[in-house]
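**Student:** Make one complex out of these two single chains by using the hints.
Now for the letters of each chain:
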Amino acid sequence: MAVMTQEQTPAVGSAAPDRGKGTVVLRGVTKRFEGTTAVDHVDLTVPGGSYVVLLGPSGCGKTTLLRMLGGHATIDEGEFLLDGVRTNDIPPARRDISTVFQHYGLFPHKSVRDNVEFGLKMRGLPRDARRRRADDALEFLDLTPMADRRPSQLSGGQQQRVALARALVTEPTVLLLDEPLGDLDRLLQLRMRVELRALQRRLRITFIHVTHNQEEALAIADQIVVMQDGRIQQVGRPRDVYRRPANLFTSGFMGDNNVVAGQVSAIDDGHVRVEGDGLTLLARHDATGVAVGQNLHASVRASCVSAEPAIGSGDTTSPERPNQVTATLIFLEYLGDIVKLHCRLPNGQAIVAKRAETDRTWDSLVEGEPVRLEWKTEDVQLLLA
Amino acid sequence: MSSSSSPEAVATARPARPASESRLRLAAGSAWALLLAFPLAWLLAFLIIPVVVVLVVSFFEPTLSGFNRVFTLENYLLLAESDAFIRTLGNTILNALITTVVTFLLGFWVAYYLALVVPDLRRKFALFIIALAPFFTSFLIRAIAWIPMMGREGLLNTALLNLGITSQPLDFLLFSDFAVRVAMIQLYLLFMVSPIFFSLSAIDPAILEAARDSGAGWWAILREILLPLARPGIVIGAVFVFVLSMGEFATVRLIGGGKTSSVGLGIQNFVTYIQFPQAAAAASVLVLVTVAGVVVLFRYGRVAEGL
Chain F
12 MAVMTQEQTP AVGSAAPDRG KGTVVLRGVT KRFEGTTAVD HVDLTVPGGS YVVLLGPSGC
72 GKTTLLRMLG GHATIDEGEF LLDGVRTNDI PPARRDISTV FQHYGLFPHK SVRDNVEFGL
132 KMRGLPRDAR RRRADDALEF LDLTPMADRR PSQLSGGQQQ RVALARALVT EPTVLLLDEP
192 LGDLDRLLQL RMRVELRALQ RRLRITFIHV THNQEEALAI ADQIVVMQDG RIQQVGRPRD
252 VYRRPANLFT SGFMGDNNVV AGQVSAIDDG HVRVEGDGLT LLARHDATGV AVGQNLHASV
312 RASCVSAEPA IGSGDTTSPE RPNQVTATLI FLEYLGDIVK LHCRLPNGQA IVAKRAETDR
372 TWDSLVEGEP VRLEWKTEDV QLLLA
Chain H
1244 MSSSSSPEAV ATARPARPAS ESRLRLAAGS AWALLLAFPL AWLLAFLIIP VVVVLVVSFF
1304 EPTLSGFNRV FTLENYLLLA ESDAFIRTLG NTILNALITT VVTFLLGFWV AYYLALVVPD
1364 LRRKFALFII ALAPFFTSFL IRAIAWIPMM GREGLLNTAL LNLGITSQPL DFLLFSDFAV
1424 RVAMIQLYLL FMVSPIFFSL SAIDPAILEA ARDSGAGWWA ILREILLPLA RPGIVIGAVF
1484 VFVLSMGEFA TVRLIGGGKT SSVGLGIQNF VTYIQFPQAA AAASVLVLVT VAGVVVLFRY
1544 GRVAEGL
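Protein chains in written order, with the working numbering: chain F, 12 to 396; chain H, 1244 to 1550.
To be clear, the hints were calculated from the coordinates, so they are not data collected in a lab.
Predicted, not measured: the structure shown is a model, and the values here were computed from it.
Glycine included, every Cβ here is placed at the ideal spot set by N, Cα and C.
You may find that some hints are simply not true.
[What the hints assert, rightly or not] Pair by pair, the computed Cβ-Cβ distance ranges are: (1) H/Ala1323 x F/Arg142: 50 to 58 Å; (2) H/Gly1333 x F/Thr85: 52 to 60 Å; (3) H/Ser1444 x F/Glu182: 31 to 39 Å; (4) H/Leu1404 x F/Ile101: 53 to 61 Å; (5) F/Arg138 x H/Ile1390: 51 to 59 Å.
[Said to hold, decoys possible] Residues from chain F that face chain H, not an exhaustive set, calculated with beta carbons under 8 Å: (6) Gly81; (7) His114; (8) Gly130.
[Unchecked claim] List of simulated lysine to any residue pairs, SDA-like, C-alpha gap at most 20 Å: (9) F/Lys121 x H/Ala1449; (10) F/Lys32 x F/Gly59; (11) F/Lys387 x F/Cys315; (12) F/Lys132 x H/Glu1452; (13) F/Lys121 x H/Pro1471; (14) F/Lys121 x H/Gly1544; (15) F/Lys132 x H/Trp1462; (16) F/Lys132 x H/Gly1458; (17) F/Lys32 x F/Gly95; (18) F/Lys132 x H/Leu1451; (19) F/Lys132 x H/Leu1470; (20) F/Lys365 x F/Tyr345; (21) F/Lys32 x F/Asn99; (22) F/Lys121 x H/Pro1448; (23) F/Lys121 x H/Tyr1543.
Pulled out of the complex, with its shape left as it was, chain H reads as follows (with noise of 0.2 Å):
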């Protein structure tokens, strides 16, 4: 409430004075209201109610050019029959998994060397803003840039062919899963590096020469030291990962290049042929499954618990 009101100030109060106290207080809740008001509108503009919007319009009768406003279980019930859904979502969560467990074999060790083997704040951080150069650029130019990369003539298998290691191109390597996946792995894997990275840089170089003064080894600090004190970090870089991962469809579309699929994909298509309803439900069971593996990752990673 108001503590503007002093003993003295009631005194002589007069009946002009209601209205500044009330506007005292107007301007003191509506600053807060203020702050508060902006990031829920924008949680309600551009998170709640699309979500809705798509759950209900999931549950209307499809038309040829849209939908009625009916209420079915259809669209779910279609999902469900398709073979080709189900096979579409399962190399879906696939391929998010493969990418996760991936990036993070591979960015622990960046963070590692990024946080404890480079000795000064410095260069920790040119090198850190080095691994991030690839950022500046638009991430479709990025998924792009695999293309000469990987492609039938391209540096890849040329240098495979040169060298004789095989003595045909490499199909394989460009439009299939392998290589959405490894752009996938590509284009995520600082997602996993610097929650890690920051986890590593948080630990106090004396639980590390305490570990040693007890005749711990490398292989012992990393298991009873770092990857306990990691987990947070992990678990966050998991479901930056996890999530990007899941909601792919440009990647798949330009890697890919048609001989795989993802249920964003699917969801694209869906929109094109102006199946909105379709759409919604598709896009509704890739948001559970998303959620689900978040939620997983959360309670297997104790984040909450912190240390």
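So that you can see chain F by itself, here it is in the shape it has in the complex (with noise of 0.2 Å):
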């Protein structure tokens, strides 16, 4: 299904991808639970050094595909290929792959410098070679102060860093990571997801991140694989997963999206014109497989939809004007950087715009009042499936 193609850099970052080193190749890969199918028939490509980002919400697939990969979980069907290399029946130790787990899984009873030695340890490395990668993956991540201390001893972001050492001190070729952002408070959050991506550039080597996160996601990934009911719903760059979604499911998930369920009515000069919940929306028709009189969802972007005071109250939707609707703001949401303005049809359709704060048209309207809204042809999305 969604197979990813992409083999040029994203233009994020500047270092090309360590091809061929890393690369992940899953074909058909299925997991059963007991009735249900956690993950079902995954096609995906992760090219090597890349830094991919499984996104969905909890109970998706997304933390069982990473089982699968690190090798805690059996594939039931399918084929995974790490370089070429069918890698299922490989157990987690021989794969060139190490994790790093939800809540870390750190060795509370050993030291820092312990926990990092011990994949070493147990590949047999003698005392004090292992003593020196150790104490090298230690400096790399600026944990030599912490050496000696217990994990219990550490903040959660030194934590995490420590976790980081211990599955990078092996020198994987991929790294899979596991809602690793999701111990830290907020602020914490923002830093290391800089230093996540920060570190996998300067590693060369494949990243693959687990998060029911939206906005990390699009902050971090080179790639963003969107995640529902163990199918893989869309692939892409992060701005062409948040421009484009693909289908209802990924419309929602990736926030602030103006959904109408609609049918078309026209198809002519390239656009679509689609009527539903008091509104008419035209869009490009650049879309494969769409026939006058089919149902359809349409969705528009919070911040593609601009707003001004409505100049008296005529009538609401008028068909020769697609793209514009006058409706009445319930609520101005001022949340610093932007204003998110919540508005209504009188058919009660909600309706959500978001300004820059900088953007100062917004600075007129008052609650209660009716308000112009308006986006453009290039911004409606149709969403198919």
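**Tutor:** Next comes the structure, spelled out in structure tokens:
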């Protein structure tokens, strides 16, 4: 289904991916638990040296998929190739893959250094060699002063770095991260996600990161894989997934999209006209498989909706002027950087507009007064799936 | 101090006021006192006073039917010079150590199975309750139950004879040190299993997964992760079993059948012959040795250190 074909480096960051190492290919990978299918025929290609985020709500199968990659859950069906080698049945320790577990799973009775050394000890490295490599890893992650402490004596952010050091010391080509920022407070989350990203750039290995936080995914990923019900819903660069949600689920999950259920009333001049929920929307006709009379959903991102005071209170929607509507401003939510305008059509349909704080057109808006909402044709997304 | 005296209350204070305030303070204080009093009284009545009495009596001069309140070290000197007592003490310590070690070697795997192999919580506790089932009966019955098992014409000997493994009944199966040890191990096994079970259950599964991810096999996980993390449970289990088996006398009497002895049994004999100071001295020695053993266990086990 959704195969990631993108080969060129995304615009963010400068380093070219170390292609060929840490390339993960999944073909029809499936996992079943007593009656339910947790992961359902997933096809995915992760280019070596890229940062991929599996994004979805809890129970969508993203963690199960990660556990299968790490070798902590068996693959019921399908094939997992790591750099071209079938890896389905290779035990975790013999894969060039390490995992940073949710809540880290640090050994509470061992010092930070012993935690980091553990993987090398298990690989039978002599004491001196593993001590040196562990110390390098600690140095790399700024943990040298904490080497002799126990995990319980560290802050959440430090514990996370220990988990990273422990996973990286064995020099994997793929690092799996299960909700790595989930245990941190918000400020630390913001800082650590930048650090994770920088770390991946420095190491040039594949990071596969699981989260339910769309903002985190957008900020970090080269490629986002949106999952729901064990299936991949969409794969793409953050900006593509954000701008062009492929279906109703992605549109809803990526946040602040106005979704309208409607029917195609006309197709002409490369435009699709959709009527529904008291609105007329005009979208570009760039998707195949749209026919007149078809029921579908259309979405408009809140930040694509502009708002200005309505002059007089004329009729709300006129078929002559699609992508425009007069609504009542219910609540003006001032959030600092942005201002969220919660509006309602006479038929009760809610529409949210998001304006930048610096865009002072919202300044003259008054709660309870009519407001003119408008958006561009290219900002209307048709959701076919 | 009382926090109920708001400025307003102070301003309207009447002669009756100090009385009610002190009553309040008294009520709060006595609630605490009551809460603490019960356990304190319990400890005092059933632990501290008896131990002090025993200690005091152990220094009194024995008579034919009791003691004179005259200080003497004679009781301890007699014990020290008695080969029988020294042998009995040694045997008691040996039995307690064997029981502790064997219950650990057996109990760890029971706890391991319950905590880490059985997948769901309900089945875990069902099995735990089943393991607990023998404790629904009196421990005397559990001890006596060994007699038809291990006796000359007991189940085990009959089976061995019928299978042709032995040509005549094995005598050491009952009324021997061996029999006493087997019975004690059976009696106390669960005191070892429970704390280890709870220690192992508290281990975050992610820790084991992380160990496996780092390449640890079964043996490495046992040595590097499970045993160190179960240590507090192991030490507490060992303290339970060691203390209980040091004080044993009923099992020794029933299963040992007079062929073996323990300090506990010896004390009982002293009491039977109204040799209270001797009994008290033997009891004091037993308490001392037991406490020493517990101290060693806690030291070595570094329980206070926690993880």
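**Student:** Now, for every hint given, state plainly whether the structure supports it.
**Tutor:** Verification of the supplied hints:
1. For alanine 1323 of chain H and arginine 142 of chain F, the Cβ-Cβ distance of about 53 Å falls inside the hinted range of 50 to 58 Å, so the restraint holds.
2. In this structure the supplied range 52 to 60 Å holds for glycine 1333 of chain H paired with threonine 85 of chain F, their Cβ-Cβ distance being about 55 Å.
3. Hint check: serine 1444 of chain H to glutamate 182 of chain F, Cβ distance near 35 Å, so the stated range 31 to 39 Å holds.
4. Remark: the range hint 53 to 61 Å for leucine 1404 of chain H to isoleucine 101 of chain F is upheld by a beta-carbon distance near 54 Å.
5. At roughly 56 Å, the beta-carbon separation of arginine 138 of chain F and isoleucine 1390 of chain H lies within the given 51 to 59 Å, and the hint holds.
6. The criterion of a C-beta within 8 Å of any C-beta in chain H is met by glycine 81 of chain F, whose closest approach is roughly 6 Å, and the hint holds.
7. With its C-beta approaching chain H no nearer than about 6 Å, histidine 114 of chain F sits inside the 8 Å limit, and its interface hint holds.
8. Taken as an interface hint, glycine 130 of chain F checks out: its beta carbon lies about 4 Å from the nearest beta carbon of chain H, inside 8 Å.
9. For the hint linking lysine 121 of chain F to alanine 1449 of chain H, the alpha-carbon distance of about 15 Å falls within 20 Å, and the restraint holds.
10. Under the criterion of a C-alpha separation no larger than 20 Å, the hint pairing lysine 32 of chain F with glycine 59 of chain F is consistent with the structure, at around 5 Å.
11. Between the alpha carbons of lysine 387 of chain F and cysteine 315 of chain F the distance comes to roughly 8 Å, so the proposed pair stays at or under 20 Å and holds.
12. Taking the CA atoms of lysine 132 of chain F and glutamate 1452 of chain H, the gap is near 16 Å; set against the 20 Å cutoff, the hint holds.
13. For the given pair, lysine 121 of chain F sits about 9 Å from proline 1471 of chain H by alpha-carbon distance, which is consistent with the 20 Å threshold.
14. Among the hinted pairs, lysine 121 of chain F with glycine 1544 of chain H is consistent with the structure: their alpha-carbon atoms are about 16 Å apart, no more than 20 Å.
15. In summary, the hint linking lysine 132 of chain F to tryptophan 1462 of chain H is supported, as the alpha carbons are separated by about 13 Å, within the 20 Å threshold.
16. Simply put, lysine 132 of chain F and glycine 1458 of chain H have alpha-carbon atoms about 9 Å apart, close enough for the 20 Å limit, and the pair holds.
17. Taken as a hint, the lysine 32 of chain F and glycine 95 of chain F pair is honoured in the structure, with Cα atoms around 10 Å apart against an allowance of 20 Å.
18. At roughly 16 Å between alpha-carbon atoms, lysine 132 of chain F and leucine 1451 of chain H fall within 20 Å of each other, so this suggested pair holds.
19. Distance check on the hinted pair: lysine 132 of chain F and leucine 1470 of chain H sit about 17 Å apart at the alpha-carbon level, within 20 Å; holds.
20. Using a Cα cut-off of 20 Å, the hinted pair lysine 365 of chain F and tyrosine 345 of chain F holds, with the two alpha carbons roughly 10 Å apart.
21. Pair hint lysine 32 of chain F plus asparagine 99 of chain F holds up; C-alpha atoms about 18 Å apart against a cutoff of 20 Å.
22. A hinted pair counts as satisfied when its Cα atoms are at most 20 Å apart, and lysine 121 of chain F with proline 1448 of chain H qualifies at roughly 16 Å.
23. For the proposed pair lysine 121 of chain F and tyrosine 1543 of chain H, the alpha carbon gap of about 18 Å is at most 20 Å, so the pair holds.
Taken one by one, the earlier hints all hold for this structure without exception.
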